[in-house]
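**Student:** Read off the chains here:
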Amino acid sequence: MTAAPAIPGSASGLPGPRKRRRLSRKLAPWLFLAPGMLMFLIYVIIPILQSMWISFYQWDGLSPKHWIGMENYVELLDDDAFYTSLKNNVIWLVLYMLAIPAGLFIALFLNQKLRGIRLYKSLFFFPFVISQVVVGLIFSWFYAPGFGLFFALTKWLDGTGIAILANPHLVTYGIIAAGLWPQIAYCMILYLTGLNSVAPDQIEAARLDGAKGLKMLWYVVLPQLRPATFIALVVTIIGALRSFDLVSIMTSGGPFGSSRVLSYYMYEQALSEYGYRMGYGAAIAVVLFAIMMIFISGFIWKMWRDERGL
Amino acid sequence: MFPRPIQTMSPAARTAYKIALPVMLILWLLPLLGVAMTSLRPSSDLAQGNYFGMPSYLAFSNYLDVFRNSPFASYMLNSFRVTIPTMIGAVALSCLTGYALAVYKFKGNLLIFFIFVAGNFVPFQILMVPVRDLTVKMGLYDTITGLALFHIAFQTGFCTLFMRNFIKALPRELIEAARVEGVGEWQIFWHIVLPLVRPAIAALSVLIFTFIWNDYFWATVLTTGADTQPITAGLQSLNGQWVAAWQLVSAGSILAALPPVAMFFLMQKHFIAGLTLGAVK
Numbered sequence: 001m002t003a004a005p006a007i008p009g010s011a012s013g014l015p016g017p018r019k020r021r022r023l024s025r026k027l028a029p030w031l032f033l034a035p036g037m038l039m040f041l042i043y044v045i046i047p048i049l050q051s052m053w054i055s056f057y058q059w060d061g062l063s064p065k066h067w068i069g070m071e072n073y074v075e076l077l078d079d080d081a082f083y084t085s086l087k088n089n090v091i092w093l094v095l096y097m098l099a100i101p102a103g104l105f106i107a108l109f110l111n112q113k114l115r116g117i118r119l120y121k122s123l124f125f126f127p128f129v130i131s132q133v134v135v136g137l138i139f140s141w142f143y144a145p146g147f148g149l150f151f152a153l154t155k156w157l158d159g160t161g162i163a164i165l166a167n168p169h170l171v172t173y174g175i176i177a178a179g180l181w182p183q184i185a186y187c188m189i190l191y192l193t194g195l196n197s198v199a200p201d202q203i204e205a206a207r208l209d210g211a212k213g214l215k216m217l218w219y220v221v222l223p224q225l226r227p228a229t230f231i232a233l234v235v236t237i238i239g240a241l242r243s244f245d246l247v248s249i250m251t252s253g254g255p256f257g258s259s260r261v262l263s264y265y266m267y268e269q270a271l272s273e274y275g276y277r278m279g280y281g282a283a284i285a286v287v288l289f290a291i292m293m294i295f296i297s298g299f300i301w302k303m304w305r306d307e308r309g310l
Numbered sequence: 001m002f003p004r005p006i007q008t009m010s011p012a013a014r015t016a017y018k019i020a021l022p023v024m025l026i027l028w029l030l031p032l033l034g035v036a037m038t039s040l041r042p043s044s045d046l047a048q049g050n051y052f053g054m055p056s057y058l059a060f061s062n063y064l065d066v067f068r069n070s071p072f073a074s075y076m077l078n079s080f081r082v083t084i085p086t087m088i089g090a091v092a093l094s095c096l097t098g099y100a101l102a103v104y105k106f107k108g109n110l111l112i113f114f115i116f117v118a119g120n121f122v123p124f125q126i127l128m129v130p131v132r133d134l135t136v137k138m139g140l141y142d143t144i145t146g147l148a149l150f151h152i153a154f155q156t157g158f159c160t161l162f163m164r165n166f167i168k169a170l171p172r173e174l175i176e177a178a179r180v181e182g183v184g185e186w187q188i189f190w191h192i193v194l195p196l197v198r199p200a201i202a203a204l205s206v207l208i209f210t211f212i213w214n215d216y217f218w219a220t221v222l223t224t225g226a227d228t229q230p231i232t233a234g235l236q237s238l239n240g241q242w243v244a245a246w247q248l249v250s251a252g253s254i255l256a257a258l259p260p261v262a263m264f265f266l267m268q269k270h271f272i273a274g275l276t277l278g279a280v281k
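Each protein sequence line maps, in turn, to chains A and B. Residue numbering for the first sequence follows the UniProt record's numbering, beginning at 1 and increasing consecutively. Residue numbering for the second sequence follows the UniProt record's numbering, beginning at 1 and increasing consecutively.
Do not rely on the hints blindly, as some may be mistaken.
As the list claims (entries may be wrong) - A few chain A residues facing chain B, derived, Cβ under 8 Å: (1) A102; (2) S263; (3) A270; (4) A285.
I should point out that these hints are in silico values taken from the structure, not numbers from a laboratory. Small disclaimer: the values here were computed from a predicted structure and weren't measured. We put the beta carbon where it would ideally sit given N, CA and C, even for glycine.
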């Protein structure tokens, strides 16, 4: 320890440095925050508000904006493509939830101490590391009539084969299956990490009490895995509603728009050969944003309670 | 340990497990293995309908063809040119914000923290039109800089969440003691906290590398040509050109997946620590 006073400035009796240091401690957090906050404000927060604003206009991105009030939203109410997209988003959300139990199942399967098990865990995790574009291309090949393994399999079973991506009734399920592949891997890694920290003494105690199998899982293990389950839930819900890449790569929303989701439909309206309808696109984005905000508020509420130690 | 260690089970169960492991793995990676096989198949095999049998020879030339008849190398290079600055920028900014939010008590601290967290979860489409417009106005549309700037800003949300929680878990006495000694705020950050957050910096760097390398949406929104587009967007446009030339599409896919895969295997521990957000230790 040096001879520095316990309270800065107090021993010297000089007001100067003391005052300066106090000021800096008050100002310091804002200086540290400034660059990050500024960037985030410019590229994330303000654009959200701007999108809401643009959704009240008719705008092609170049010529002057034309105020039309709620008309974009009124048009949405009568737009079949919008309802198809919304319905597909719900299917995505519901089926994506399968990633959580499936991930838990694989994690339980792999949670052993064995030579080489680490490599197995890494290889099972593989699909998550790969870009969704590559996942989309892999599954496009997998489903492709004539070329693909999946098609060959169904052909062997029913004689004609099912071209999933060309079938309006099946296409969304085919894309979701592709999306589940990396998502299950993600949930698996969350649970594997969680299982590492399950208290062994509690397991042993429950085992002595005769608990085993599913009962043990449900009453002893799962409660301890809550943090992992929470993160798995967050990333799965967000992942399902953000789905864009796979739809774009595998089908471009087709056939006949049957595999569109809101994120893709928005892009199509605002930025593709279907025209530059920025206002209408923004209105679709606002609807998707509103849906996601319901979930995001839930997560934040839970995190806030944890912060407060409630 | 749950489930029961396999070593305590009957020899039959042990053998069954040891057989089940590779079988499950092969089933799990079947689509990927199929594509890897296809990438080594000569185009003559595909023309003759030999899709699943043994390839007549291993056509490593497919990988060369990918580079020869497309701007593939340029796409890959662009990906690095976007990914590396983003990684550095977002991690640097979030060291600052994370430190501010973890160490100082001030009004609005939690509110700002939760704005970063919530912003990180919003759908990209709500940002698309204004961000594209802003980028055009700054003269950065269809440039690497324009794309990287957006990524830095957006990833700051996730990185702040991670950094703040990491710094908050550090022993507070270190900072208090330094203050008592009269060490300035910046000095505390630079000499005391920064060396301690090295694991967090490593974890975030690997994760951001993977996220940005794999980004497709912003690449298509903010860039257009082979001079600027990263590999994800490039692969999609090549997929359009190589209609049914699955050996090329497959080889390209494998190549595009390699850098994040290499990153993952080299930095596995950090990668997983990052993904689990430190919430499950």
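**Student:** All hints, please: hold or fail.
**Tutor:** Okay, the hints, checked on the actual structure:
no.	hint	result
1	A102	violated (11 Å)
2	S263	holds (5 Å)
3	A270	holds (6 Å)
4	A285	holds (4 Å)
The structure does not agree with numbered hint 1 stated previously, though it agrees with all others.
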